[in-house]
Amino acid sequence: MTALLTVENLSVRFPIKRGWGKTSWLYAVDDVSFEVQRGETLAIVGESGSGKTTAALGVARLVGNSGGKVDLAGEDFLALEPEALRRARAKVQVIFQDPYSSLNPRLRAEAIVREPMDSIGTLPVDQRAARVAELFEQVGLRPEQMKLFPHQFSGGQRQRIGIARALATNPELIICDEAVSALDVAVQAQILNLLRRLQRDLGLTYLFISHDLGVVQHMSDHIAVMYMGKIVEYADRLSLFNSPRHPYTKALLSAVPSVDQKRKVERLLIPGDPPDPLNPPRGCRFASRCHFVEDACRSEQPPLTEVAAHHKVACIKA
Amino acid sequence: MTEPLLKIENLRIELALRSGQAPVIDDLSLELRPGETLSFVGESGCGKSMTALAIMGLLPEKVGSIAGGRILFDGRDMAQMNDAQLRSIRGNEISMIFQEPMTSLNPVYTVGEQIAEVLRRHKGMSKQAAWARAIELLDAVRIPNAKSRVSDYPHQMSGGQRQRVMIAIALACAPKILIADEPTTALDVTVQAQIFDLLRDLGRETGTAIILITHDMGAVSEMADRMVVMYAGRKAEDGPVAPVISHPRHPYTKGLISCVPHLLAKLTEQRPDLTEVPGIVPALASFGADACLFASRCDMADDKCRSSRPPEVAFGEQHSACWKADQL
Amino acid sequence: MKMIEDIPPKARSPFSEAFEMFRRNHAAVIGLVILLSIIAIAVIGPMVYPGDPFDMVWIPFTPPGEQGYLMGTDYLGRDLLSLLIHGAKVSLTIGISAAVVTVTIGITVGALAGFYRGWVEEVLMRLTEFFQVLPTLLFSMVIVSLFGASLMMITLAIGLVSWPAVARITRAEFMRIRELEYVTAARAGGVKNGRLIFSVILPNALPPIIVQAALMVGSAILFEAGLSFLGLTDPNVASWGQIIGSNREYILDASYTVTVPGVAIFITVLAISLVGDGLNDALNPKLRQR
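Protein chains in written order, with this note's numbering: chain A, 1 to 318; chain B, 1001 to 1328; chain C, 2001 to 2290.
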C-alpha cells in the first residue's frame, strides 16, 4: 500500500536576525519523517514549542523554509515552483485553530467558502455556487446563512465555515490545526462529530494537530508525539495510549486529568523547562528533563527505531 | 458540620444591556467550607467568572451590579461593603489568580518587587522583611533557585513560572480563600499538572479554601472536593465531586461529562460518536425567563420545562435544578 | 442533523455597522455637517456669489458690514467674502489632493514593506526614515522654490513630506494582519500575492489609514497656509492661506483681514478632526462592542 502523504527528513527553519546582516536559523522541525495512509488520521501531539503545527503547515509550505522531501499523492511538494505550488494547494487544505481570526471579516460566508475555488479554478465558474450550497449543507449550516458576515456567527458556526472552505477544492489531505481547542466543550463535541462524519462519508484524510490527548485519542488512527522539533514516539492508537514507551510520552499521558476513577496513573513530573531551541543539545533533546537519563543519552541523538509492529520510539532505553 | 467560610445567598447580579437589565447571576446560593476545594463548572457565558468577580468585589462598574442577595464572608455581608472595606479583604483575605499569566504581571517590575509590594501594602512589612518573605514564597511555589530568580523580570520566566509567581502573590497574605479562574488554560498539560499539584499541596499546608473555575471535568475530578455546575447564570447542579460525576442528576452535567473524549484506563477499538449538547448557551437577554434555560438544548425537555423554572431537588448532598432529576 | 441556534438572517456589513456607530457620535456628526457645509460653499458659492475675487471692488480696508461688504475689503480693496468663498475651494482641493498623494505613496510603500519583509522592507523603510527626518517645512520650501509655486507643486510638496506616517501605519497593520489565520487560509486557498495584498489584507488594514487620511486633509490645509504665509504660494489663486499671507503686514491696522480667513481654517480643520475622531471610533471594532 502506498501512502497518500510521505514525509522524509522534513526540516522547517525560521531565520532569526542577530544584529547587522547576521542570521541564524531556528529549526522548529528537525529531520522528521512520517506517512499518512489515505482515509486515515495521523495526529501529531506535543506541547507548545514542539513544532507540531510547524511540521504540518511546513508540509503545505505555509510557514518557514521547508527542506527534505514531501510526496503528496505523487506530487513532490517541496520542489514545486511558486505558480505550480499555488495550483497544487488545491490538494491540501487547512482548518485553523481560531474561529475568529481565521475568517476574513470583510467577506460574506459564501465568499469565504468560494475563495479557494475561485483562486485555483478547481471547478467551472457556473458550478461553483451550487458547490458552495452543497458544502453549507454538508457542514450543517443553513442556506440563508450564506449571506452573513463572520461576526454574525457563533464560534462553532464559524468553525463550520472554515471546514466548508477546507472542503471546497476536494483536497487529498486536510490539516486540522488545533481545530477544536478554541471552542467550548459542547461545541467541540459537535465539531469533532462533524469531522468524523465527513471523514466517513467523503473518505477524507486528516493530519490532526492537537495538544489535547483526549481529543487525539478519539480522532486518530496513528499518533506522532513531538518534543522540540523531533518525533520521539510514533505508534497506532492502542499501542500509544495503552503502552507508551518514551519517557516523555509517559509523562505527557500521566499529566492529563481524567474523570475515569479507574485511571489512576502515577504522575511523572517533568522538572525544569525545555532547552533553548536556538541552541539544542547534541544528544537526546529530552535528556535534561528525563528521569531515566544516562551518559549515552547526552552524547548521541537516539534514532526513531521500531520496537514493535507500528510502534517506533526514539529512546535508547525503550 | 463546620461553619461555612463563605456563604452566598440568593445572589442576583444584573448586567445593563441596551435592551434593559439581564440577570447574569440569578438566585445563586452556595457555600464554601474552610480548607475545601470547590469547583465552578460550565461553558463560557454561564456566570462562573462573574460569580468570582462578585466575591472579589470586582464587578465591572456601571455594567454589572448586585441586585439582590448576600455574600457572607466570616459573617459579614460583602454585598453591602464600601470600596475601602472591600479593598482590605481583596488580596488579603480573598485573593485571585487569572487565566493569563502572561499579562497578569506588570512587565516593568521584578517579580520580587511585585510580591513584596503586596506584603507591604496589606501587612505593613518593612522593605527588607517583605523581600525576604518574597524569596520564601517563590521557594514555596517551587521556583528553583528562588534567591536569584526573585530579581527576574516577568519576561525572563516561562508561562508556568509566571503562574507560580501569581500564586505566590495570591498566597502572600495567607488568604482564607484563593479563587483560581481557569489558571491553567493557557499552559501546557505537563505544566498544568505541576500547577495543580502545587495548588493542592499549598491548600493542604495552609488550609486555604480554593475556588477553582474550569471547564475541564478531568481537572474537577482530580482537584475538587465539591462542584457547582452553572448554566446561564443559574446553578444547575451541585454536590460532592465523585457522586456528581458518576451519577449526574442534571442533563447539562451529564452532557458536559460525556461530550468530552476522556483518556480512559484501558483504551479499546471502540469509538462511539461523542454525545452532543446541541446549540449554544442562550443569549443574555433571555436569562431571566421563568423556565428551564437549558430546555432548548435538552432532549428530555417538555412543556413544563419550557414554562416554569425548576426548583432544586436534593439527593443526599447532591442538588439538581431539573424537573426530571429523578429520572436520570 | 442537529440544528444550530437562530441568528436573524439579516446581512449587516461591517460598513453599515461602522456607519451606525458614527451616527451615534454627536461631535462627529456635527463635524461632518460643518464639513459638508464648507464643501457646499466651495462648490456652489462661486455660482451664487459671482465675480472675480481679485477685482478691486471698493476702498481698501472697508470694515466688515459697511457698504454691503459683509466681510469688508482687504488692502487692495478686494471683497473678503468673495475671496473666502473662492478660497474654500482652493484650500479644500489642496487639502484633499495632498491627502490623496500622501495616502497613495504611503500605502504603496507600507504595504510592500509589510508584506514582503526581507530586503524589500529594509530598502523601503530606510527610504521612509530618510523622508521622515527631513525638516518638513524646509524641504517643501526647497521644492516649491525650485519648481515654482504652482498649486500642483505645493500639493506634491505637502504629500512628499507627509507620507512616511501613513507608510508606517500601513506597514504595522500589514505585519499584524499577515500573521492572522485568514491570510494563511487565503494562501492555502491559492490566492495570488497581488490579490492577497490588495483584496485580503488592505481592506482590513484601512480603518487606521482612513482616519490618518482624514486628519491629513486638515494638516495639509494648515501646511499650505504656512507656506502661503511665508509667501510661497501661487499669487494668482486665492487660498485661505494666501489671503492671510498677503494681508499679514496689516495685521495690526485691519486685524479682520487676517482673522476672517484664520477662523475659516480653524473651523474647517476642527470639523475634519471631529470627523476623523468619529471615524476612529466607528472603525475600531473593539469600541463597537459597547
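By construction, these hints were calculated from the structure, which means they are not laboratory data.
Here the structure is a predicted model, which is why all the values come from computation and not from measurement.
Each hint should be verified, as a subset may be incorrect.
Lysine-lysine pairs mimicking BS3-like chemistry, simulated, CA-CA at most 27 Å apart [to be verified]:
(1) K2089(C) <-> K147(A)
(2) K1304(B) <-> K1324(B)
(3) K250(A) <-> K1324(B)
Covered by chain C, according to a simulated footprint, are these stretches of chain A (three or more residues, beta-carbon under 8 Å) [claimed, not checked]:
(4) 91-98
(5) 208-219
Even glycine gets a Cβ: it sits at the ideal position worked out from N, Cα and C.
Hint check:
{"no.": "1", "hint": "K2089(C) <-> K147(A)", "in the structure": "violated, 42 Å"}
{"no.": "2", "hint": "K1304(B) <-> K1324(B)", "in the structure": "holds, 10 Å"}
{"no.": "3", "hint": "K250(A) <-> K1324(B)", "in the structure": "violated, 42 Å"}
{"no.": "4", "hint": "91-98", "in the structure": "holds (count 6)"}
{"no.": "5", "hint": "208-219", "in the structure": "violated (count 0)"}
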